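Going line by line, the protein sequences match chains A and B. Quick note on this note's numbering: the first sequence kicks off at 1 and runs consecutively. Quick note on this note's numbering: the second sequence kicks off at 1 and runs consecutively.
Be careful, since some hints might not be right.
Said to hold, decoys possible - Stretches of chain B that chain A covers, calculated by requiring three or more beta carbons in the stretch to come under 8 Å of a beta carbon on chain A:
| no. | stretch |
| --- | --- |
| 1 | 2-14 |
| 2 | 70-76 |
| 3 | 140-153 |
To be verified - Chain A residues, not near chain B, derived (Cβ > 12 Å throughout):
| no. | residue |
| --- | --- |
| 4 | V25 |
| 5 | A45 |
| 6 | K46 |
| 7 | E47 |
| 8 | S48 |
| 9 | F49 |
| 10 | D51 |
| 11 | S63 |
| 12 | A69 |
| 13 | L82 |
| 14 | A83 |
Said to hold, decoys possible - Computed list of chain A residues with no C-beta within reach of chain B, every gap over 12 Å:
| no. | residue |
| --- | --- |
| 15 | S52 |
| 16 | I79 |
| 17 | P119 |
It should be emphasised that the hints constitute simulated quantities derived from the structure, not laboratory data. Every value quoted in this text rests on a predicted model; they were computed, and no experiment measured them. Cβ coordinates follow ideal geometry from the N, Cα and C atoms, glycine included.
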Amino acid sequence: MEASDVRERGEIELPVRPDGPVAAVLLAAGIGSVVLAVLVIWAEAKESFADSLAYDLEVGPLSGKTLWATAAFLGSWAILALALRRREVDLGKVAVISGVLIALGLVGTFAPFFQLFAPD
Amino acid sequence: MELSTREFWALIHGLILGGAFLLAFSGGLAGFFSLRPELVTAEGLRERVRRLTIGTTAMAVLVWVTVATGTWIVYPWYREDTEDSPRSLLLANDDTKDWHEFAMEWKEHIAWIAPFLATAAAFIVIYYGAGLARNHGARRIAMACFIAAFAIAVVAGILGALITKKAPVM
């Protein structure tokens, strides 16, 4: 169905818009979460990597982890939004993929899990 | 009766933004549940979409501000390399070190997933507008993002409150 199509309900128009941009933000949320988890695990496993993420000495490695995760979220959102802006996608499938990515992010940022990767 | 600069920012981060966040969540959640075209008139639908947009957008902004102030303003005081910083005090005692090694280590990371989800929920509401009333799938996905963002923020908030009770930033 064309994006310009509208359904009428009484006096209000309920516009039908392509789902692509919504798929983009959902996938971006998943990508941002996974990037955060990967950085957290990697920083836990390698002290030199953790030190390299300390862009702000007072905040420490958390500064780099959060800046890169935010950049991943915003960057992937921008790229995917451009790529999917006029596309009709199966939002249910996208939601499942995003849900899996977010679940991975939640597991990876759970302290007892990422601390398993700490050197002895 | 005065608050130090550190106590002031801890209060802004934990209580003021947290309280506003709770309000925004309540408004947003009520908006999602009531957004059914069969229940309201055209004018009512328009008004509910406006309220839902305000609730979800406010929550997204509040979550971003909360994690930013927590990470960039309050957290450096928590972890500063002095004997009396909250982190040092917690780690100095076997009975309290888990408050840092488990609670703080978890809280400082998981909290950053909440703004991604809250932004996604707000974007879905803004993007579809009144069309969300008929798009049940998108509405359910937006609600799931909204509730997940809130749940994550609650975990971080509760851990933060408990850590502050054990070793406040002063």
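Holds or violated: is the Cβ of A/L82 farther than 12 Å from all Cβ atoms of chain B?
About 15 Å separates A/L82 from the closest Cβ of chain B, which puts it past 12 Å; holds.
Minimum Cβ separation between A/S52 and chain B greater than 12 Å?
The claim holds: A/S52 sits with its nearest Cβ about 17 Å from chain B, beyond 12 Å.
The output says A/A83 does not contact chain B. Does that hold with a beta carbon cutoff of 12 Å?
holds, 16 Å
For A/K46, which was marked as not at the interface, is the minimum beta-carbon distance to chain B over 12 Å?
holds, 17 Å
Can we trust that A/V25 is non-interface, i.e. its beta-carbon lies farther than 12 Å from all of chain B?
violated, 5 Å
Please verify that the nearest CB of chain B lies beyond 12 Å from A/S48's CB.
Check passes; 19 Å lies beyond 12 Å.
Taking the minimum C-beta separation from A/A69 to chain B, is that value above 12 Å?
violated, 6 Å
Status of the stated non-contact between A/E47 and chain B (beta carbon gap over 12 Å):
holds, 15 Å
Taking 8 Å as the C-beta cutoff, is the stated coverage of the stretch 140-153 of chain B by chain A satisfied by three or more residues?
holds (count 5)
Could you check that no beta carbon of chain B comes within 12 Å of the beta carbon of A/I79?
holds, 15 Å
Can we confirm that no CB of chain B comes within 12 Å of the CB of A/P119?
It holds; A/P119 is separated from chain B by about 15 Å at its closest Cβ, greater than 12 Å.
The stretch 2-14 of chain B covered by chain A? Criterion: 3 or more residues, Cβ-Cβ distance below 8 Å.
violated (count 0)
Hints 1, 4, 11 and 12, counting from the list given before, are not met by this structure.
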